[in-house]
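Here the protein sequences line up with chains A and B, keeping their order.
Numbering-wise (my numbering), the first sequence opens with residue 1 and increments by one.
Numbering-wise (my numbering), the second sequence opens with residue 1001 and increments by one.
Keep in mind that the hints were calculated from the coordinates and are not lab data.
Yeah, the Cβ is synthetic: ideal placement off N, Cα and C, and Gly gets one too.
Some hints here could point you the wrong way.
[To be verified] Over 10 Å on every C-beta distance to chain B, these chain A residues come out as not near it, computed from the model:
id, residue
1, LEU3
2, VAL91
3, GLY132
4, ALA208
[To be verified] Now the in silico label distances, taken between C-beta atoms and shown as ranges:
id, chain 1, residue 1, chain 2, residue 2, range
5, B, ASP1257, A, ALA59, 48 to 58 Å
6, A, ALA220, B, GLU1069, 30 to 40 Å
7, B, GLY1155, A, ALA203, 40 to 50 Å
8, B, SER1020, A, ALA142, 26 to 36 Å
9, B, PRO1042, A, ALA63, 48 to 58 Å
10, B, GLU1240, A, ARG124, 31 to 41 Å
11, A, ALA63, B, ASP1257, 52 to 62 Å
12, A, ARG124, B, LEU1039, 23 to 33 Å
13, B, ALA1200, A, ASP123, 27 to 37 Å
14, B, GLY1155, A, GLY214, 31 to 41 Å
15, B, ASP1036, A, LEU219, 54 to 64 Å
16, A, LEU87, B, SER1020, 54 to 64 Å
17, A, GLY214, B, ALA1200, 49 to 59 Å
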Amino acid sequence: MNLVTETAAWLTNPAQWAGQSGIPNRLLEHVLIASISLGIALLLALPAGLAIGHTGRGAAVAAGVANLGRSLPSLAVIAIAIPVTVLVDPVLGGTVLPTLVAMVVLAIPPILVNAYTGIAEVDRDLVEAGRGMGMREREILAGIELPVALPVVLGGVRSAAVQIVATATLGAIFGSGGLGRFLVDGIAQNDDGQVFGGVVLVAGLAIATEVAVGLLERLARSPGLRAPGARPATELAPPSPLRGA
Amino acid sequence: MPDQAARGAAIVEYQHVSKSYATARAARGAPGAVNDLSLTVPAGKICVLVGPSGCGKTTSLKMVNRLIEPTSGRILIDGADIAGRDATELRREIGYVIQQVGLFPHQTIGANVAVVPRLLGWPAARQRERAEELLALVGLDPALYRDRYPAQLSGGERQRVGVARALAADPPLMLMDEPFGAVDPIVRERLQNEFLRLQAELAKTILFVTHDIDEAIKMGDLVAVMQVGGHLEQFAPPAEILAAPASEFVADFVGADRGLKRLSLTRVSELALHPVVTARVGDPAEGARARTLADPFPYLLLLDASDRPIGWISQGHIPATGALAASLATPMSPLLDRRTTLKDALSMMLDADVQTGIVVDRTGRLRGVLTVEAIAAALRPSADPEVIASATAAGGASAAPQSGADA
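Based on the sequences and whatever the hints tell you, model everything.
Rendered as structure tokens:
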């Protein structure tokens, strides 16, 4: 049996589609842990990024945090987190929590950096016009900066989500669930079909995440912001009914 | 929300207003400082702040809606110190137009125009109604433009939307920071004319910043010329700035052609017209000839039955007997309207290679003639309106303008 047929056989085996260690449950675990960590990362990084972008203060600190987060290997973060998380919760601290911490750490940099650069790059004339018309700072952020910067901000969320989905796989090494179990168990059991079946599932989920956030991005983007810089071909310029004096 | 009819125009008063920046900040390109600015903008007038970059004109403007706070001094709107107002509420009562327009790209044109009404919490239907009304007012068909996005508009159209947006809540005061600076000269000219026409109806109080002295002269009821360092050099109506610059700086800034610029400020109606010997078609030639020979100006102006000018007959060509026929007259002089600027009048005379223009009223009837001499008299540096009138009368009578017929 070659790898392809082995993988196909594993994926189509009805035994894999039921029970606690079946594909649906592992998929659910994977999505759950990824969603929770993305949610935490959003809660931490998005308000900070928006505030930094709006005020222009703290950009250097944010860049430092982002670079630190990016340079830490995920595996190392998980390993470092274990002694701490065990103290917090003896049961989950050894399994799910370290992975969660690692994924949050990993997800913060792209969300933070895209949020603050996206907001900071919004044309200052728009902000000035808004402020001059009597918009409060919060209204400027929510009504002008965020909608205009939304494609950039969501771009950060998208790359964070994809990285989280991929990294959640590593958690299985340390005993958490998710699709990574198939890889870890498959290697241990010398079951190539299971290993590559798991790889296919993880890759599929990552691609689906990418597509889903991309779709959200497109839906949320104002039609006025499509094709940035380009002017539509159908241009109307009727002469003004008010003729020049 | 305030009753719209009750909102007229505001009076803006600067009282010893200064703005200074720390040296470090100034080195990083802070806006221009302002030094002890005191001036009053009367209600319903356009006051143009003009000067080279760094003269503090934009700073002065932005202190009115408190985007910049003065270091010292007070600014009053309708007698009330703005320092005591909530800045956000104050801004919602002041129209604001900037050079780059700053339309929100993610919102439709309709939503952009309704920004301030939305902030003020107007009902949605009224916001929409007001946006459509304003788009029509600035010459953009609401049905065509309401649902478009700023990226789909030309620069001139965006500028119009910017003006509509500033007018949305019917503010008694508008601040305009180089509002027509980002469009090409032809569009700018049209926008300026449209805006002046709009202002003639709306009569808002307007503070208008520009670095372009020609725009200042054209747009301003009053012009404040500012010098680098934020000194007010002169604050006067444009004609006075041109006729009597208060300092060498102002004279330099308005340019060596300030005399010519004044021509575009004065209209034919402001000058005394020169009378001329006339006769109607069919009148006896003999009497007309005698009158023309007695006048220092050697031409007879032939009119039709409704007093509309047909053309000139030189005194040597007037028949001794019989009736005057239309075929004798040569139509050489341009016809001028009382609203024509002296600049346009002079240009038309130069184009026609004559020294006299015929001024007619709206129905085409003769009002008198305007000579190059009279225009030259109006240009004399000391000329004030009365002097212009008497100089015109004197100059016109003593000269013998070469007009038309035998040229």
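Comparing the hints with the structure gives:
1. LEU3: holds (49 Å)
2. VAL91: The claim holds: A:VAL91 sits with its nearest Cβ about 47 Å from chain B, beyond 10 Å.
3. GLY132: The assertion about A:GLY132 is violated, with a minimum of 4 Å to chain B.
4. ALA208: holds (28 Å)
5. B:ASP1257 / A:ALA59: 48 to 58 Å: With Cβ atoms ~50 Å apart, the hint holds.
6. A:ALA220 / B:GLU1069: 30 to 40 Å: holds (37 Å)
7. B:GLY1155 / A:ALA203: 40 to 50 Å: holds (48 Å)
8. B:SER1020 / A:ALA142: 26 to 36 Å: With a Cβ separation near 35 Å, B:SER1020 and A:ALA142 satisfy 26 to 36 Å, so the hint holds.
9. B:PRO1042 / A:ALA63: 48 to 58 Å: Taking Cβ atoms as reference, B:PRO1042 and A:ALA63 lie about 52 Å apart, which means the hint holds.
10. B:GLU1240 / A:ARG124: 31 to 41 Å: Given range 31 to 41 Å: holds, Cβ gap about 38 Å.
11. A:ALA63 / B:ASP1257: 52 to 62 Å: holds (54 Å)
12. A:ARG124 / B:LEU1039: 23 to 33 Å: About 29 Å separates the Cβ atoms of A:ARG124 and B:LEU1039, which means 23 to 33 Å holds.
13. B:ALA1200 / A:ASP123: 27 to 37 Å: Given about 33 Å between the Cβ atoms, the range holds.
14. B:GLY1155 / A:GLY214: 31 to 41 Å: With Cβ atoms ~33 Å apart, the hint holds.
15. B:ASP1036 / A:LEU219: 54 to 64 Å: holds (56 Å)
16. A:LEU87 / B:SER1020: 54 to 64 Å: holds (57 Å)
17. A:GLY214 / B:ALA1200: 49 to 59 Å: holds (53 Å)
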